[in-house]
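The listed protein sequences correspond, in order, to chains A and B. Letter 515 of the first sequence, counting from 1, is numbered 515 in the working numbering, and no numbers are missing. Residues are numbered in the working numbering as their position in the second sequence, beginning at 1, plus a constant of 519.
All clues stand as given, with none of them false.
Okay, the calculated beta carbon distance ranges per label pair:
{"id": "1", "chain 1": "B", "residue 1": "Lys610", "chain 2": "A", "residue 2": "Gly369", "range": "22 to 30 Å"}
{"id": "2", "chain 1": "A", "residue 1": "Arg131", "chain 2": "B", "residue 2": "Gly630", "range": "53 to 61 Å"}
{"id": "3", "chain 1": "B", "residue 1": "Pro636", "chain 2": "A", "residue 2": "Arg128", "range": "43 to 51 Å"}
{"id": "4", "chain 1": "B", "residue 1": "Ser580", "chain 2": "A", "residue 2": "Phe158", "range": "31 to 39 Å"}
{"id": "5", "chain 1": "A", "residue 1": "Ala100", "chain 2": "B", "residue 2": "Gly554", "range": "45 to 53 Å"}
{"id": "6", "chain 1": "A", "residue 1": "Ala156", "chain 2": "B", "residue 2": "Asp551", "range": "30 to 38 Å"}
Within a straight-line C-alpha distance of at most 30 Å, the following computed BS3-like cross-link-like pairs (lysine-lysine) qualify:
{"id": "7", "chain 1": "A", "residue 1": "Lys217", "chain 2": "A", "residue 2": "Lys302"}
{"id": "8", "chain 1": "A", "residue 1": "Lys460", "chain 2": "A", "residue 2": "Lys427"}
{"id": "9", "chain 1": "A", "residue 1": "Lys302", "chain 2": "B", "residue 2": "Lys566"}
{"id": "10", "chain 1": "A", "residue 1": "Lys443", "chain 2": "B", "residue 2": "Lys566"}
{"id": "11", "chain 1": "B", "residue 1": "Lys566", "chain 2": "B", "residue 2": "Lys536"}
{"id": "12", "chain 1": "A", "residue 1": "Lys290", "chain 2": "A", "residue 2": "Lys165"}
{"id": "13", "chain 1": "A", "residue 1": "Lys283", "chain 2": "A", "residue 2": "Lys217"}
{"id": "14", "chain 1": "A", "residue 1": "Lys347", "chain 2": "A", "residue 2": "Lys84"}
{"id": "15", "chain 1": "A", "residue 1": "Lys443", "chain 2": "A", "residue 2": "Lys283"}
{"id": "16", "chain 1": "A", "residue 1": "Lys217", "chain 2": "B", "residue 2": "Lys566"}
{"id": "17", "chain 1": "B", "residue 1": "Lys589", "chain 2": "A", "residue 2": "Lys283"}
{"id": "18", "chain 1": "A", "residue 1": "Lys460", "chain 2": "B", "residue 2": "Lys610"}
{"id": "19", "chain 1": "A", "residue 1": "Lys302", "chain 2": "A", "residue 2": "Lys165"}
{"id": "20", "chain 1": "B", "residue 1": "Lys536", "chain 2": "A", "residue 2": "Lys443"}
{"id": "21", "chain 1": "B", "residue 1": "Lys536", "chain 2": "A", "residue 2": "Lys217"}
{"id": "22", "chain 1": "B", "residue 1": "Lys610", "chain 2": "A", "residue 2": "Lys427"}
{"id": "23", "chain 1": "A", "residue 1": "Lys443", "chain 2": "A", "residue 2": "Lys290"}
{"id": "24", "chain 1": "A", "residue 1": "Lys283", "chain 2": "A", "residue 2": "Lys302"}
{"id": "25", "chain 1": "A", "residue 1": "Lys283", "chain 2": "B", "residue 2": "Lys566"}
{"id": "26", "chain 1": "A", "residue 1": "Lys502", "chain 2": "B", "residue 2": "Lys610"}
{"id": "27", "chain 1": "A", "residue 1": "Lys302", "chain 2": "B", "residue 2": "Lys536"}
{"id": "28", "chain 1": "B", "residue 1": "Lys566", "chain 2": "B", "residue 2": "Lys589"}
{"id": "29", "chain 1": "A", "residue 1": "Lys217", "chain 2": "A", "residue 2": "Lys290"}
{"id": "30", "chain 1": "B", "residue 1": "Lys610", "chain 2": "A", "residue 2": "Lys347"}
{"id": "31", "chain 1": "A", "residue 1": "Lys137", "chain 2": "A", "residue 2": "Lys302"}
{"id": "32", "chain 1": "B", "residue 1": "Lys536", "chain 2": "A", "residue 2": "Lys283"}
{"id": "33", "chain 1": "A", "residue 1": "Lys502", "chain 2": "A", "residue 2": "Lys427"}
{"id": "34", "chain 1": "A", "residue 1": "Lys347", "chain 2": "A", "residue 2": "Lys502"}
{"id": "35", "chain 1": "A", "residue 1": "Lys4", "chain 2": "A", "residue 2": "Lys92"}
{"id": "36", "chain 1": "A", "residue 1": "Lys427", "chain 2": "A", "residue 2": "Lys443"}
{"id": "37", "chain 1": "A", "residue 1": "Lys137", "chain 2": "A", "residue 2": "Lys165"}
Read the hints as simulated data drawn from the structure, not as lab findings. Source: prediction; values computed, not measured. For each residue, glycine too, the CB sits at the ideal point set by N, CA and C.
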Amino acid sequence: MSVKVYVPRDSSALSLGAEGVARAIGAEAARRGDSVTIVRNGSRGMMWLEPLVEVETPSGRIGYGSIATADVASLFDAGFLEGKAHPKSIGKVDSHPYLARQERLCFARMGVIDPLSYDDYAALGGWRGLRNAIAMKRSDAVAAVTTSGLRGRGGAAFPTGIKWKTVLETAADQKYIVCNADEGDSGTFSDRMTMEGDPFVLIEGMAIAGVATGATKGYIYVRSEYPHAERGLLAAIAIANERGALGADVLGSGQRFDLEVRRGAGAYICGEETSLLESLEGKRGMVRYKPPVPAISGLFGKPTVVNNVITFASLPIIFDRGAEFYRDYGMGRSRGTLPIQLTGNIKHGGLVEKAFGIPLRELLYDYGGGSASGRPIRAVQVGGPLGAFLPESQFDTPLDYEAFASIGAMVGHGGIVVFDDTVDMAKMARYAMEFCAIESCGKCTPCRIGSTRGVETIDKIIAGRDVGADVAVLESLCDTMLHGSLCALGGMTPFPVLSALKHFPEDFGLDRDGLAVAA
Amino acid sequence: MDSESSRSVDDALTRLKSLPGGLLPILHAIQDELGYVPPDAVPTIAKALNLSRAEVHGVVSFYHHFRTEKPGRHVLEVCRAEACQSMGADKLAAQIRERLGVDFHETTADGNLTLQPVYCLGNCACAPSVMLDGEPHGRMTAERLEALIASVGASR
Ligand SMILES: Cc1cc2nc3c(=O)[nH]c(=O)nc-3n(C[C@H](O)[C@H](O)[C@H](O)COP(=O)(O)O)c2cc1C
Ligand code: SF4
Ligand code: FES
Ligand code: FES
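Just chain A, same shape as in the assembly:
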């Protein structure tokens, strides 16, 4: 009988040589006359173990981590096709503490199945949510989203049900569902993993949105930096069309829902929803004034649901298991689970899906294992380039939208970037301003000009001639950007800058009280 061997096709695994490993396993099996079926799964999210090769055995899937082509012959010699011992064996993958302690709702199938197997997806709970949504009255389906407590996972954490209700109740001849797959934040890849490793969950989530709001057309706006995700999506959409989950008659409901993939073009601002809509319309990604909100006048002026990949990917389980099931996870007003990404200078980087409420410290040390360099963790940035830098004293903050907001920080899309004690926080503050200057859409002055002035001012601070005066200039600039910007790019760039200044004044030539250190 042929043995199933899993070698991930996730971009991170590919970036560490998975393609060569898959080929080497095929060649070695042929040479030895062993019969193997190689399945290209998504990643389990234990990125420090990629490429993670798994073998299906009667006692479950056995994993072998950090495999290089040079290891392949020794795997065969050791009898890995029967799951036997090898120095790189990690044992039963599902029992690995990194995975066993997670609460994988959205990522339930991630790394488990062949991403392009419609039947594997169906066998593990796929399409049940969409069937349930079809059987419901539209207003009930939208109400279920509200009951689930789901808030947008793209960053702003706006209640998804409220947005949908507006679209449902706005009369129009055409409505749209738009998926924001621009994932521009450094330290995030949960959208990418989903598109590459379980694309049907996104397709199902968008179809649920279509059915619930009466929209017949959806667009997925994927960033150009994700060619593998784009190809995976296109293949999955073709299959879903063929199998009747998309198209003129979604799962026999009599309702149409078509999906189209559009590629971004390397502009961070196009992750902002109105800029994204401009881009989809073929224009420069200039941010729009609101109102009107996209739910009333969005793509081509029509009522439009814009949601993040993970927001959509959370819907199938909500409609499968019920809104209450999902709502029972989490803390406070942050309901459900969040796929968290541990990145940067961290030993065990990867994807951890947990209910809201988990303290940052637990993620950094229990899951993450501390820094990759082995040096003390000095700062972490949560929520992308517009998120604050947190010092050690704030590591006990639970992952919760409100708890983070109360310390001037942001959960955002759940990306955590770790820095050890070699980091220069003045340089990071300068980078935050520089990034804003590079990516500004240019519509408003505080952002466009302020960020450039910000870079110059931080350069002066670093040069150290009149630190006290220059810090005052920087603070006032930040104040102008905070209050005078149209969107969060200009409006939130001050958060990383000011948090760096506040928590790490010594890097700016200031003492702990924020006073200039005499030269």
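Given the structure of chain A, go ahead and fit chain B with the ligands onto it with the hints provided.
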């Protein structure tokens, strides 16, 4: 434009000009084919879509991804964002520039490699990351980088 370029542009326009909001897909199709969007193509595109040249030019120049100059035979994108910085991306970038003798946005003298900055490849748990001709490479070191550059032939 040479005849091959004109053909690519015409082809993209024929296929995509009736797509709602189709300008980005058209520009992508052209760049996928030719490696860049030739400035001479702008009037043709503008005419086909009933836009002004300034509008088309404005779109091309707004997006970092679109190039208006022919790139080298290979394109190396180096991630400059925070997670990669935490793992030494700045030092790596300096090494690459030194090794290739070019700065970002430039092509090596032999026309082999164009160097570009990129702000996150979604490979942040395997930092620092680069992308060569659309394929990601993680946990880069000076040695791995040298091997990668060597894999596409001489570049200087
Ligand atoms: C500068 C900027 C960049 C953004 N980038 C993204 C992004 O890459 N992905 C995303 O889903 N949302 C991003 N957002 C948030 C979107 O504007 C919007 O809130 C989101 O797509 C709504 O979907 P959600 O409610 O499901 O989160 C960004 C916002 C701003 C201001
Ligand atoms: S804050 Fe910056 S990115 Fe946002 S609208 Fe203004 S100029 Fe554009
Ligand atoms: S601002 Fe146009 S390419 Fe950077
Ligand atoms: S920050 Fe470099 S890949 Fe994300």
